[in-house]
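Chain D is already provided as a structure; the job is to place chain V on it using the hints.
Which chain is which? The protein sequence lines are D and V, in order.
For reference, each letter of the first sequence is one residue, going 1 to 320 in the numbering used here.
For reference, each letter of the second sequence is one residue, going 1 to 317 in the numbering used here.
FYI, nobody ran anything at the bench for these hints, they're computed from the structure.
Possibly wrong hints are sitting among the right ones.
Claimed, not checked - Below, simulated BS3-like cross-link-like pairs (lysine-lysine); rule was C-alpha separation at most 27 Å, straight line:
| hint | chain 1 | residue 1 | chain 2 | residue 2 |
| --- | --- | --- | --- | --- |
| 1 | D | Lys16 | V | Lys133 |
| 2 | V | Lys123 | D | Lys16 |
| 3 | V | Lys116 | D | Lys8 |
As the list claims (entries may be wrong) - Sample of chain D residues lacking proximity to chain V, with all beta carbon distances greater than 12 Å (derived):
| hint | residue |
| --- | --- |
| 4 | Ser24 |
| 5 | Thr48 |
| 6 | Ser72 |
| 7 | Pro78 |
| 8 | Ala113 |
| 9 | Met139 |
| 10 | Ile149 |
| 11 | Gly224 |
| 12 | Val288 |
As the list claims (entries may be wrong) - Distance windows between CB atoms, simulated:
| hint | chain 1 | residue 1 | chain 2 | residue 2 | range |
| --- | --- | --- | --- | --- | --- |
| 13 | D | Val303 | V | Ser14 | 29 to 37 Å |
| 14 | D | Leu197 | V | Lys30 | 48 to 56 Å |
| 15 | D | Asp119 | V | Pro169 | 36 to 44 Å |
| 16 | V | Ser14 | D | Thr293 | 42 to 50 Å |
| 17 | V | Ser138 | D | Ile28 | 25 to 33 Å |
The structure displayed is predicted, hence computed values, not measured ones.
Cβ atoms here follow ideal geometry from the backbone N, Cα and C, with glycine treated the same way.
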Amino acid sequence: MKKYFDLKSMRVLVDKEISDYIRSKKFIILLLIVLCTSVASLYSSLSTLRNNVPSPDDAQASFFFLRVFTHSDGTLPPFHVFVSFLGPLLGIAMGFDAINSEYNGRSLTRILAQPIARDSVLNAKFLGALTILFSIFTMLIGLTLGLAIFWTGLTPSLQECLRLFLFLIVTVAYVGFWLNLSLLFSVTWRHPATSALVSIAIWLFFMVFYPMIISVIAKSMAPGMYASNQEIQAFQKFILSIMRLAPNQLYEDGTIVLLMPNVRSLSPLSMEQIQGAIPSALPVWESVKVVWTQVTALVALTVACFACSYFIFMRREIRA
Amino acid sequence: MDTPIIDLKGLHKSYGKHKAVDGLDLQIYKGEIFGLLGPNGAGKSTTILMMMGLSEASAGHINIAGINPQRNPIEVKRVIGYLPDNIGFYEQRSGRENLELIGRLNGLSTEEAREKAYALLQKVGLDKVADKKVGTYSRGMKQRLGLAETLIKDPQILILDEPTLGLDPTGVKEFLHLIQELNRSQQLTVLLASHHLHQVEEVCHRVGLFVAGRLVAEGDIQQLADQLFANSHPTVLVSTDSTDKEKIKKAEDMLIAQESVVSVDFRDNNFTIQHTNHDTLPIMDIFLRTQVPVTSLQQRTYGLDDIYSFYFKDSSI
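Okay, chain D solo, but in the shape it has when bound (with noise of 0.2 Å):
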C-alpha cells in the first residue's frame, strides 16, 4: 500500500523549521520584546494582587488565577490585551518570509529534489511554527501560574486550569492566524519585504486605523435622543458586529468571557433576559458556548489563510 502521508521525513522538516526559528536572529529580538512586556504586565498585576489575597473561602478567590491574567493596577494593560497587540508581531515575523526566503536562498529546489511531497515542505512550516508558538505561551502561563503558586499559596481549581488551557488555545488561534496570513503573502510574493510590509500594514489598520472607521461610522449612525429602545439596540447590535470583522477584537471577546466567568453575554442583554437570572459564575462548558462563534472564526480565518498558501503553492511552478 502507498504512504500518502510521510510521517518521518514530516519530523525532520518539522525539525529543521523549529531550530531554524530558535536561532533566526529577527525571531529572537521579537521574542524578547513579547517576553519583556508580557512578563511586565503579568508581574506588575501579580504584585498588585499579591498585596490583597483573598482569604481560600472566600468567594473571590475561586478564581484568582483567571484574575492575574485580566488584571491591571493602570499602569500597564492586562496581559490578554499585550497579546492582542503584540502577538501579531510575533506571527508575522515567523512568517513573512517563510517560504519566499527559500525560493531566493534556491534552497527550495534542493529540499523538493528530495523523496518528499511538495505539501510537506509548508506543512513543516506551519506546524513548526504552531510548536514554537504553544511552547512560548505555554511556558509564560505556566511560569506565572508558578508564581502565583508561590507567592500566595492558593493552588489553582480544575476549573482554572481549564480555562487557561482554552485561554491558550485561543491565543495561539490567535497568533496562528497572522502566522498564516503572513505565510500567504510569503507564498504570493517573491520578495520578503513586500509581505513583510503588507502583513503589518494589515495589522496597523485593524490595531489603529479600524476603531477609528468605527467610530465615524457609529457617529454617523447614532440614532437620535428620542429613539426607541430597539433602535437603539439595533444600532448596537450593528456596530458590535462590524467592530468583531477584526480579528483582535475576536480574540479579545473570546479571553474576556474564558477569563471572567462571570461574563455570560457579549452582546446587550434586554431586562427580560437579566431578570432572574443569578449572579454567579457559568461552568466552563457554558462560557465556551458563549464564545464559539468568536473561536469558530478565529480557527476558520487560520484554516481559510493556510488553505490559500497550500493552493498557490502547490500550483506555482518550481523554478527559481
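Only chain V this time, still in chain D's reference frame:
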C-alpha cells in the same frame, strides 16, 4: 545495450503560447555520461524538472528506471540525485548539518546520516571545513557539497544542471574528474546539462544538442560532425605574414583559377580555402609560385565548437 534508464518520448511543455520543450525524444542508457548541450533558455532545466516530477509535462511520456515521475514523483526522487544550477544551502548551518538534513530526508536515521555525511565530505574533499557555516564557503566548495548531497541517497542517476558554472578552471577540472570517477566506480548514469561545450566534450560519452525545445542532433562528437559536415568540402586555413597586397591579390586570383578550389576567402592575413583535392599540394604550390610566405597551414577539423555554432547560428533567428 538493453532498455534505456531514462526514456523520454514526445515530451512537450508549454507556458502559455511559449513552447519550452517541443516534442523531445531522448534515450539514455545505464552507465552513460550524457551531455545535454544547449544555450541558455533552450529548455534544459525545464526538461530536468519534468524528469524529477517537479514540473508537469503538457504532453508526452517519461520513464525513469521504470517509474513515471509525473505519476510518482516521490519514488523517482529516490532514484535521481539532482544538483540544480545555482544551488542554495541553508547558509546559517554548517556543511555537515546541511548534508545530514538531506540524508535524513532520504530516510536515513540520524546516526546513518552522520556516518554517511562524514564519508561523503571526505570524498568530495570538504572534511576540513565540514563544521563551518555554508555562508563562508566558496562557489566551488558549495558545488562539491551539492554533489555530496546528491550522492547521500545512493542514486542510480545523477542529474547535474550547469554544475561548472562559476567555477575556476582548476575547480572545473577537479569537479569533472570527480564525476568521471563516480561514473566509473559506481556505474552511475550521469546527465550533464551545460552550455560549456568543451567540458561536455571532455567527459561525455554522448551528446544531445538542444535548441529551442528540440533535440536537433544526438550522438558522440564524431558522429555529430559526420552528420553535419558530410556534404561540405575539406577546408584549409593558410596564414601569412606578408603585407604585400599585390602578391596576395595574385595568389588569390591563382587560387580561384585553380580547378579544385571551390572558394577562397582572405581576411586578416588568413586564407580560408575550400577545395576538393585530397591533399594540399596544389595550394602550397600556388603560394610558392607567388612568393607569399606561409606561417602556418592547417587542415580544418570539426570540433564541438563548429557543431555548436552551426546549430545555434540558425536558432538565434
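Status of the hints after comparison with the structure:
1. Distance restraint check for Lys16 (chain D) and Lys133 (chain V): the Cα-Cα separation of roughly 16 Å lies within the 27 Å cut-off, and the hinted pair is therefore satisfied.
2. Under the criterion of a C-alpha separation no larger than 27 Å, the hint pairing Lys123 (chain V) with Lys16 (chain D) is consistent with the structure, at around 26 Å.
3. Note on Lys116 (chain V) and Lys8 (chain D): the hinted pairing holds, with a Cα-Cα distance of about 19 Å set against a maximum of 27 Å.
4. Listed as a non-interface residue, Ser24 (chain D) fails to keep its Cβ farther than 12 Å from every Cβ of chain V; the least gap is roughly 8 Å.
5. With a minimum CB-CB distance of about 43 Å to chain V, Thr48 (chain D) clears the 12 Å threshold, and the non-interface call stands.
6. Against chain V, the non-interface label of Ser72 (chain D) holds: every CB pair exceeds 12 Å, the least being about 40 Å.
7. Chain V leaves Pro78 (chain D) outside its interface by the beta-carbon criterion, the shortest separation being 37 Å against a cut-off of 12 Å.
8. The beta carbon of Ala113 (chain D) is not kept farther than 12 Å from every beta carbon of chain V, the shortest such distance being approximately 4 Å.
9. With a cut of 12 Å on Cβ distances, Met139 (chain D) stays outside the contact zone with chain V, its closest approach being about 24 Å.
10. At the 12 Å boundary, the C-beta of Ile149 (chain D) stays outside the reach of chain V, the nearest C-beta of that chain being 39 Å off.
11. With a cut of 12 Å on Cβ distances, Gly224 (chain D) stays outside the contact zone with chain V, its closest approach being about 60 Å.
12. With a least CB separation of 41 Å from chain V, Val288 (chain D) remains clear of the 12 Å interface cut-off, as annotated.
13. Checking the proposed 29 to 37 Å range against Val303 (chain D) and Ser14 (chain V) shows it holds: the Cβ atoms sit about 35 Å from each other.
14. Range check, Leu197 (chain D) to Lys30 (chain V): about 52 Å between beta-carbon atoms, so the 48 to 56 Å window is met.
15. As the Cβ distance of Asp119 (chain D) to Pro169 (chain V) is approximately 43 Å, the hint placing it in 36 to 44 Å holds.
16. Roughly 48 Å separates the CB atoms of Ser14 (chain V) and Thr293 (chain D), a value that falls within the hinted 42 to 50 Å.
17. Distance hint for Ser138 (chain V) and Ile28 (chain D): a CB-CB separation of about 29 Å, consistent with the stated range 25 to 33 Å.
Violation of the numbered hints given earlier is confined to hints 4, 8; the remaining hints are satisfied by the structure.
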